[in-house]
Amino acid sequence: MTADDLLQEAMTKLLEGERGWPAHVSHLKVLDSVMHSIASNERKRIKNGPIDQAIEVDPLVIEGEPINPSSVPSVTRLTAEDLASGKEQLALVFDAVADDEEVGLLTMLWAEGVRGEEARNELGWDAKKYDAVRNRLTRRLEKLELNRSGK
Numbered sequence: 001m002t003a004d005d006l007l008q009e010a011m012t013k014l015l016e017g018e019r020g021w022p023a024h025v026s027h028l029k030v031l032d033s034v035m036h037s038i039a040s041n042e043r044k045r046i047k048n049g050p051i052d053q054a055i056e057v058d059p060l061v062i063e064g065e066p067i068n069p070s071s072v073p074s075v076t077r078l079t080a081e082d083l084a085s086g087k088e089q090l091a092l093v094f095d096a097v098a099d100d101e102e103v104g105l106l107t108m109l110w111a112e113g114v115r116g117e118e119a120r121n122e123l124g125w126d127a128k129k130y131d132a133v134r135n136r137l138t139r140r141l142e143k144l145e146l147n148r149s150g151k
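Residue numbers for the sequence shown follow our numbering, so the first one is 1 and each next one is one higher.
Hints listed in this document are in silico derivations from the structure and should not be mistaken for laboratory results.
It is possible that some hints are incorrect.
Computed cross-link-like contacts, PhoX-like style, restricted to lysine-lysine with a CA-CA straight-line distance of at most 20 angstroms [as the list claims (entries may be wrong)]:
# : residue 1 : residue 2
1 : Lys13     : Lys44
2 : Lys13     : Lys87
3 : Lys13     : Lys29
Assemble the whole structure, with the sequences as input and the hints as a guide.
In structure tokens, the structure reads:
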């Protein structure tokens, strides 16, 4: 981020009201504080982000044509062991809820990423029934966690 970009971002955040402007503090002090905060947040984002800025990447060339870096596909770092472990854990969850059909249905939806009102509507349940089944599922999952941790 250039100095001009940082100044522009600070002014935008102040004008939009995202950053406070105390009445008793000078304009330059407020601007300095906001710019410092934005720069600090940007450094943290870069440091903790998925891309290592210290590594230089050569452009990808296929059949003599360079490919735009934004179009390079991402790399999945999942190993075969990670996939196997995930499948084992999911199997344990399904085994733990096998004796309760309603909890099993809710578990399948949660495994597919469907939650909340969307899951309730898909199952055709009212809010009271959904909450009751969700609580039963949560208790079963807590028991599984206790068994895995040996407590």
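Here is how each hint holds up against the structure:
| no. | hint | in the structure |
| --- | --- | --- |
| 1 | Lys13 x Lys44 | holds (19 angstroms) |
| 2 | Lys13 x Lys87 | violated (45 angstroms) |
| 3 | Lys13 x Lys29 | holds (15 angstroms) |
The structure fails to meet hint 2 from the earlier list, while all remaining hints are met.
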